[in-house]
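K.L.:
Kindly generate the complete structure, drawing on both the sequences and the hints.
Chains as they are written, first to last, in this note's numbering: chain A, 1 to 244; chain B, 245 to 315.
This list has only true hints and no planted wrong ones.
A partial selection of chain A residues facing chain B, derived with a Cβ cut-off under 8 Å:
1) Val129
2) Arg130
3) Glu170
4) Pro173
5) Leu174
If you're looking for bench data, these hints aren't it; they were derived computationally from the structure. C-beta atoms are modelled at their ideal positions from N, C-alpha and C, and glycine is treated no differently.
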Amino acid sequence: MTAPEDRWVIVSGAGGVLGRELVSHFAAGGRRVLALDREFGITPPPGVTARAIDVLIEADVRQALTDTIPAGASIALLINAVGLIWNEPILTLRGAKFATHSLESWHNVTNANLTAPFVVATQVASRMVRRGGGSIINFSSIASEGNAGQAAYGAAKAGIEGLTRTMAVELGPLGVRVNALALGFIDVATTRSAVAADRLQAYVQKTSLGRLGRVEDVIHAIEFLASNTFVNGTIVKLDGGLRL
Amino acid sequence: MHARELIAEILRTNILIPPGETSLAHIEGWDSLKGVRLVLRLEEIVGRELSEDDIAKLQSVEDVDLLLKTA
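P.N.:
As structure tokens, this is what we get:
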């Protein structure tokens, strides 16, 4: 039987702020990590295989898996953290004219937050089912419940929740569990650049725990979903009680 | 293990699986997901990855039995 540390962990969106933290965490724990993203701003930690690819391209994802993970090796965990935060209202005034949400940005945002995780998850799942099963963790957001100014982002995140449940139903019998984290406001640079400081402070005041989420909170949730073998098709909300 | 036993296991059912030349597609409750599960269970049993040719030949209960005999 393969020792847990010999089974691979894959992180998509590994070049992002949160992705880098997740890669570092699992690499520090002695896991074999394959990091996927379009680009990596910093050199990945030792022992991590980083592949700079467009995860929207199915063939490139497949090739990265084939090149990196030996044929007999198994994948324990996919952390599907690829995504893009985007704010754009449905309707806005430009001068005296109504302007509508750009279709181009709609496609970009739904590609990054729904299609890309779909591509990675399906390719990884096809490897997992033949190598002892595994766990897939997708990334949703509390914006899936509706958030003004985030039509494309919210729609994509609602989509990822539906995808998560559907994959859980289809892949559970094949030994692959699929769950998602619906993140609230996590204290990382991307949150602070996407949300104005006064607005972020207002969210903190509305949060029953009175603070932003920490990277460690996300890691603990991932460890739970990865290790509890009876959790499947669940969306874990990680928002400190903001949406109660 | 016989094909009918394996197919019942995959369908999670106690219904009597018809023998012989019955097409898998005509068995009550059969669908493409069950097909995937059948291939994965067969790979466990025979101890090797099935080729596309092997999988293409899996059309009937009898075909499953033939493959099981190679284990």
